[in-house]
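*Asks:* Single-letter residue listing:
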Amino acid sequence: MNDRAISGLGMTVALVLGVFYTILSEFIWFLAVSLLGKTNAFPPLLPMVVAGVLVGLSNGYCKVRIRGEKRQILFSVGAGLIIALIWLLLYGFKASLTVKDVFGALITFPIIKLLSRNAMKDIPLSRTTKGHVELMVVKILRAFGLFFFTLIVVFPFYFMLATSLKSRAEYLMDPANLSVNLLQYPSKLFGGYIEVLFRFGFVRFIMNSAIVAALTVVITLIPSILGAYAVTRLRFRGRDLLSRLILLIYMFPAIVLVIPLYSVFTQAGLRDTRLGLLIIYAAMTIPVALYMLRSYFLTLPADLEEAGLIDGLSRLGVIIRITIPLAMPAIAAIGLYVFMIAWNEFLFAYMFLDTPEIFTLARGMVMLDDQEVPRQLLMAGAVIITVPIMVLFIRFQKHLVGGLTAGGVKG
Amino acid sequence: MKKYKSLAAQEARLAFWMLLPAVVIVASVILFPVIANFWISFKSIGLGDLRPPVAILRERVVQTPKKPGDELVVTYQIRNSSRDRDLSDVVVTVRIPKGASIADLDDMWTVEGKRTLKSTFDRWEGGLSRTFELRFITESEYFTRDVDPRSPTSAEIESASKNALLSSPFTLDNFRKVVQARHFSRSLIFSFVYPFLGALISILMGIMAALLLNRTFRGQSFLRGLFLFPYISPIIAATFVWVFFLDPFSGTVNALLLDTGVIDAPIPFLNAWTIDISLFGMKVPFPLARAMVIFFDAWRYFPFAFLFILSRLQAIPEDLYEAADVDGAGYFKKFRHITLPQISSVLGTIFLLRFIWTFNKFDDVFLLTGGSAGTKTLPVEVYDNAFGRGDIGAGAATAVLLFLMLSIFMALYFKLLKEVDDE
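Line by line, the protein sequences are chains A and B. The first sequence: position 232 = 254 (the numbering used here), numbered continuously. The second sequence: position 234 = 594 (the numbering used here), numbered continuously.
Everything labelled a hint here was simulated from the structure, so no lab data went into it. Some hints could be false.
[As the list claims (entries may be wrong)] The calculated lysine-lysine pairs, modelled on DSS-like cross-linking and capped at a C-alpha distance of 30 Å, are:
| no. | chain 1 | residue 1 | chain 2 | residue 2 |
| --- | --- | --- | --- | --- |
| 1 | A | K85 | A | K152 |
| 2 | B | K426 | B | K458 |
| 3 | A | K143 | B | K694 |
| 4 | A | K143 | B | K693 |
| 5 | A | K85 | B | K694 |
| 6 | B | K537 | B | K522 |
| 7 | B | K522 | B | K478 |
| 8 | A | K152 | B | K694 |
| 9 | B | K693 | A | K85 |
| 10 | B | K693 | A | K152 |
Using the sequences plus the hints, can you model the full thing?
*Replies:* As structure tokens, then:
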């Protein structure tokens with residue numbers, strides 16, 4: 023067997039990969055250009071397949087004839103540029119060629135070449151087996167999956183950000199265009215934010231949301247820490263039953279609570295107050311917080327606490343001096359989690375708050391949902407409510423991910 | 361022995377005090393409302409009944425005295441603020457102004473002290489309005505005093521009413537109303553289809569995303585954080601964004617599809633009951649709005665499944681795969697025979713959990729479609745009944761039905777959890 027030869031199966035793999043990467047990349051390019059500029063026609067299939075075949079062929083040649091990483095990369099970029107020229111000749115006859123198309127082809131094809139060369143790294147072309155074909159399928163699925171998930175996750179948030187920076191006239195002119203003209207006066211560019219923050223009182227809503235969420239964290243954590251300590255460290259009848267009950271309550275639907283709470287709070291004068299909202303948020307998050315803290319306390323050794331007790335500390339002293347410092351990472355993560363729940367909460371804020379002075383952000387957003395209010399403002403509001411949560415999450419991602427998984431299923 | 365026992369009792373007492381705050385808050389804001397919801401579901405109560413009825417008194421001067429000896433004539437209109445609910449213990453208090461004396465007194469009034477008149481009614485029917493008149497003879501002193509010309513006798517009224525939540529009779533009407541409502545069966549069916557498909561698709565997406573990121577490569581942790589964005593973003597922001605980019609007239613998705621010629625007319629993604637899709641020349645109706653609501657659920661909650669599955673994947677011992685490599689097993693074989701069995705128990709739990717939570721979810725459907733175009737689920741029905749139509753009783757009855765169905769799933773979940781525990 024010669025390493026410099028290509029088997030039929032190997033050729034097929036190279037061609038399929040070439041065609042797939044070409045189509046995927048052209049699609050991404052098309053999407054990017056359309057969303058950030060004028061909508062382009064999607065390139066017809068035939069030229070793409072032809073270009074893909076060329077990519078595959080040159081990849082095969084590159085793999086068996088060219089030695090050395092650097093030279094392969096150099097070759098790929100060169101071949102990409104040549105294919106780009108062929109593409110422009112083939113494709114340019116039919117469509118009217120623009121500068122953007124030329125530019126696009128010259129950028130995309132070298133990238134396609136590099137990507138597909140990379141994908142072919144662990145597939146020998148001379149002794150290709152069924153396993154390698156499977157590997158190719160997996161690679162194609164991976165590439166497609168990464169593209170798909172990135173698109174569906176990024177697109178909505180990019181849409182939100184871009185729309186918040188565009189005036190009504192701008193987005194009505196071409197709704198497909200999501201580019202933002204950054205060369206405007208900042209007062210015009212951020213006009214939506216300024217209006218939402220100052221004219222619609224979102225500055226106040228931010229404060230309200232922050233106060234309510236922060237107080238919820240405090241009101242939730244104190245009983246939860248005490249309760250979790252009791253459930254894990256003290257012996258009493260019904261301890262296991264109680265643990266189960268906590269988890270059960272965690273699954274109670276909020277909508278079942280709305281009617282009675284609405285009725286009772288209306289009659290007690292607690293509706294439309296921040297205190298009422300706080301009580302509800304605390305009650306809603308105590309079961310989760312208690313359950314998560316319990317899981318964490320179970321992993322802490324009890325020896326230290328017992329030593330503290332023998333040294334004459336009271337139970338409360340043990341909790342404050344030993345348990346809480348030891349559990350601080352978990353407490354911080356759970357506190358953040360509770361903060362996020364309270365910050366994001368919609369149903370009760372919507373049902374219970376009527377006075378704009380005490381609106382939380384989620385409630386204030388509803389106010390913007392009006393035909394008269396430009397969409398730009400609503401999206402600016404959405405950015406304002408989303409960004410703090412995103413920042414908190416990114417900053418503390420490592421701790422939070424563990425907390426999120428501990429919330430539902432044990433361990 | 362005795363010492364030990366007292367120590368145990370001491371510990372139990374301490375546990376009681378430490379658990380008390382959490383238990384009190386949760387019991388009063390979660391457990392009590394659930395029970396109260398059952399109670400309300402058997403009462404015929406509207407939104408307006410929540411505000412207790414009160415007696416309203418209007419004092420009006422009909423004749424103003426000009427000189428000493430003239431009569432001051434005042435009328436008192438008393439009415440019930442509620443049309444249909446009775447008041448009890450209505451007490452009217454009238455003060456005789458200084459320098460005036462009562463001309464003639466009905467026996468409905470009793471004199472208390474020197475200058476106070478009182479009238480008491482044990483029962484005042486709903487919607488009842490009556491007017492009484494009092495005549496006072498003035499003396500010269502009356503004109504020297506500073507009397508409020510609008511209300512010279514500073515009349516006041518007090519009343520009591522029964523709490524509608526406690527007093528109205530028990531009835532099964534609410535349940536009858538809910539079950540016999542025209543589209544109840546339809547929303548009931550969708551209430552199950554929605555969480556079932558939503559959970560299923562979100563788990564499939566979660567598996568795919570977890571498999572993608574279950575390798576170490578540059579940007580892996582960045583992508584992991586990115587994939588969690590839909591799950592942690594505030595629901596109100598996420599739904600508004602979806603509503604806008606799916607908008608038939610100014611939405612980006614429609615504009616893009618129109619510009620590229622994929623479709624000829626804009627598609628109202630969230631308002632269309634069904635849309636005809638031609639399949640092999642046949643027109644097949646596709647429930648578009650319902651599908652979009654399910655897709656939204658899958659999009660928003662796949663990160664949840666993704667996180668669990670990823671952490672489970674990372675716990676699979678590497679030597680299992682190495683052994684399979686030696687045997688020459690391909691990727692798909694390894695997935696089927698190693699990965700899938702290893703994650704199957706967590707898949708079951710996630711599915712049930714997601715099903716339960718989506719079954720309970722109100723916000724998502726309410727904010728996306730408001731329950732229109734066939735997307736109504738039981739939680740939205742609860743809201744519509746209680747606050748849309750103002751029928752608190754019917755809303756509570758819907759909530760009771762929802763709760764009863766939910767308890768079946770919760771029992772299932774706990775059974776599953778127990779099995780996982782026993783393993």
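*Asks:* State the violated hints by number, sorted upward, taking the hints as numbered earlier in the document.
*Replies:* Nothing - there is no hint that the structure violates, so all of them hold.
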